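Here is how the chains run, residue by residue.
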Amino acid sequence: MIKTFLPNYTKKIAFALYLVAVVFSCIANVDSFVTGWEAGRNSARESLQKEKAIEKNISNIIPEKDEVRYTWISLAFSFTGLLMYIFSKEKVEDEYMQLLRIKALTWSIVLTWLAVIFTMTFISPLEGLYVLQFELVAFLGSFACLKRFE
Amino acid sequence: MQNTLKIQRAIKNVTQAELADAIGVSRQSINTIEKGKFVPSTMLALKFARFFEVPVEKIFILDEDD
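Those sequence lines, one after another, are chains G and U.
According to numbering that gives the first Met the number 0, the residues represented by the first sequence are 0 to 149, in order.
According to numbering that gives the first Met the number 0, the residues represented by the second sequence are 0 to 65, in order.
Simulated from the structure, these hints should not be mistaken for laboratory data.
What you are looking at is a predicted structure, and each value in this text was computed from that prediction instead of being measured.
Glycine included, each C-beta is placed from N, C-alpha and C at the ideal position.
One or more of the hints may lead you astray.
Calculated cross-link-like contacts (lysine-lysine; reagent style BS3-like; alpha-carbon spacing at most 25 Å) [what the hints assert, rightly or not]:
| # | chain 1 | residue 1 | chain 2 | residue 2 |
| --- | --- | --- | --- | --- |
| 1 | G | Lys102 | G | Lys146 |
| 2 | G | Lys146 | U | Lys5 |
| 3 | G | Lys88 | U | Lys46 |
| 4 | U | Lys36 | G | Lys88 |
| 5 | G | Lys146 | U | Lys34 |
| 6 | U | Lys5 | G | Lys90 |
| 7 | U | Lys34 | G | Lys102 |
Using C-beta positions, here's what the derived DEER-type ranges look like [said to hold, decoys possible]:
| # | chain 1 | residue 1 | chain 2 | residue 2 | range |
| --- | --- | --- | --- | --- | --- |
| 8 | G | Leu5 | U | Pro54 | 37 to 47 Å |
| 9 | U | Phe50 | G | Val130 | 42 to 52 Å |
| 10 | U | Phe50 | G | Val115 | 43 to 53 Å |
| 11 | U | Arg49 | G | Trp71 | 46 to 56 Å |
| 12 | U | Ile6 | G | Leu82 | 38 to 48 Å |
| 13 | G | Gly140 | U | Asn30 | 17 to 27 Å |
| 14 | U | Ala16 | G | Asn59 | 53 to 63 Å |
| 15 | G | Glu92 | U | Glu52 | 23 to 33 Å |
Some chain U residues flagged as far from chain G (calculated, every beta-carbon gap over 10 Å) [claimed, not checked]:
| # | residue |
| --- | --- |
| 16 | Gln1 |
| 17 | Gln7 |
| 18 | Arg8 |
| 19 | Ile10 |
| 20 | Gln15 |
| 21 | Phe51 |
| 22 | Phe59 |
| 23 | Leu61 |
| 24 | Asp62 |
| 25 | Glu63 |
| 26 | Asp64 |
Construct the entire structure; sequences and hints are all you get.
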């Protein structure tokens, strides 16, 4: 049985925390976004040197040390919000909801492993914290789908 | 396992939501139990029996191969 410790209204607080995480993440990655946008706009015909030159020429909107700080702040809010949401009770917490939670947990583990294998094979090794974050999101997504369709 | 939950509800003239509120479970639980997708615990089965004022065996019936 998966214990839920928090009352139902904490879900709203958790969602707000996650939104704050998204905002900080966007702020932390503004430079990457602009760099990618400019490099992409020049398309595949441009040489690798030109792409690197574009990176150097774009002045940092957000200083690098602030980027790291905002990323960590974003992750902290994200984990807090996600865990708070997961451990919040449903409006009516009964044994059927417990069964759905266990099924969702199983699905989240499977999905996380598939995502890790896929990204390690075709993209790049995932950073550990993002894997954990993905697993929490996968659990919430699976739980929502099971509540809706099962 | 089969159940006569829907029949008992009809006899007592209660909706799934009313039954769920009375027992203390979600309406979704009642729906999945009636469809046979979820087998309730002993405690929940006894709560149903007490609510409908019938023996548990009249609500939940074991199949031949159970």
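Evaluated hints:
{"no.": "1", "hint": "Lys102/G x Lys146/G", "in the structure": "11 Å, holds"}
{"no.": "2", "hint": "Lys146/G x Lys5/U", "in the structure": "21 Å, holds"}
{"no.": "3", "hint": "Lys88/G x Lys46/U", "in the structure": "22 Å, holds"}
{"no.": "4", "hint": "Lys36/U x Lys88/G", "in the structure": "23 Å, holds"}
{"no.": "5", "hint": "Lys146/G x Lys34/U", "in the structure": "15 Å, holds"}
{"no.": "6", "hint": "Lys5/U x Lys90/G", "in the structure": "24 Å, holds"}
{"no.": "7", "hint": "Lys34/U x Lys102/G", "in the structure": "19 Å, holds"}
{"no.": "8", "hint": "Leu5/G x Pro54/U: 37 to 47 Å", "in the structure": "39 Å, holds"}
{"no.": "9", "hint": "Phe50/U x Val130/G: 42 to 52 Å", "in the structure": "47 Å, holds"}
{"no.": "10", "hint": "Phe50/U x Val115/G: 43 to 53 Å", "in the structure": "48 Å, holds"}
{"no.": "11", "hint": "Arg49/U x Trp71/G: 46 to 56 Å", "in the structure": "54 Å, holds"}
{"no.": "12", "hint": "Ile6/U x Leu82/G: 38 to 48 Å", "in the structure": "43 Å, holds"}
{"no.": "13", "hint": "Gly140/G x Asn30/U: 17 to 27 Å", "in the structure": "22 Å, holds"}
{"no.": "14", "hint": "Ala16/U x Asn59/G: 53 to 63 Å", "in the structure": "57 Å, holds"}
{"no.": "15", "hint": "Glu92/G x Glu52/U: 23 to 33 Å", "in the structure": "27 Å, holds"}
{"no.": "16", "hint": "Gln1", "in the structure": "18 Å, holds"}
{"no.": "17", "hint": "Gln7", "in the structure": "19 Å, holds"}
{"no.": "18", "hint": "Arg8", "in the structure": "17 Å, holds"}
{"no.": "19", "hint": "Ile10", "in the structure": "24 Å, holds"}
{"no.": "20", "hint": "Gln15", "in the structure": "13 Å, holds"}
{"no.": "21", "hint": "Phe51", "in the structure": "18 Å, holds"}
{"no.": "22", "hint": "Phe59", "in the structure": "15 Å, holds"}
{"no.": "23", "hint": "Leu61", "in the structure": "20 Å, holds"}
{"no.": "24", "hint": "Asp62", "in the structure": "21 Å, holds"}
{"no.": "25", "hint": "Glu63", "in the structure": "26 Å, holds"}
{"no.": "26", "hint": "Asp64", "in the structure": "23 Å, holds"}
Hint check: no violations occur; every hint is consistent with the structure.
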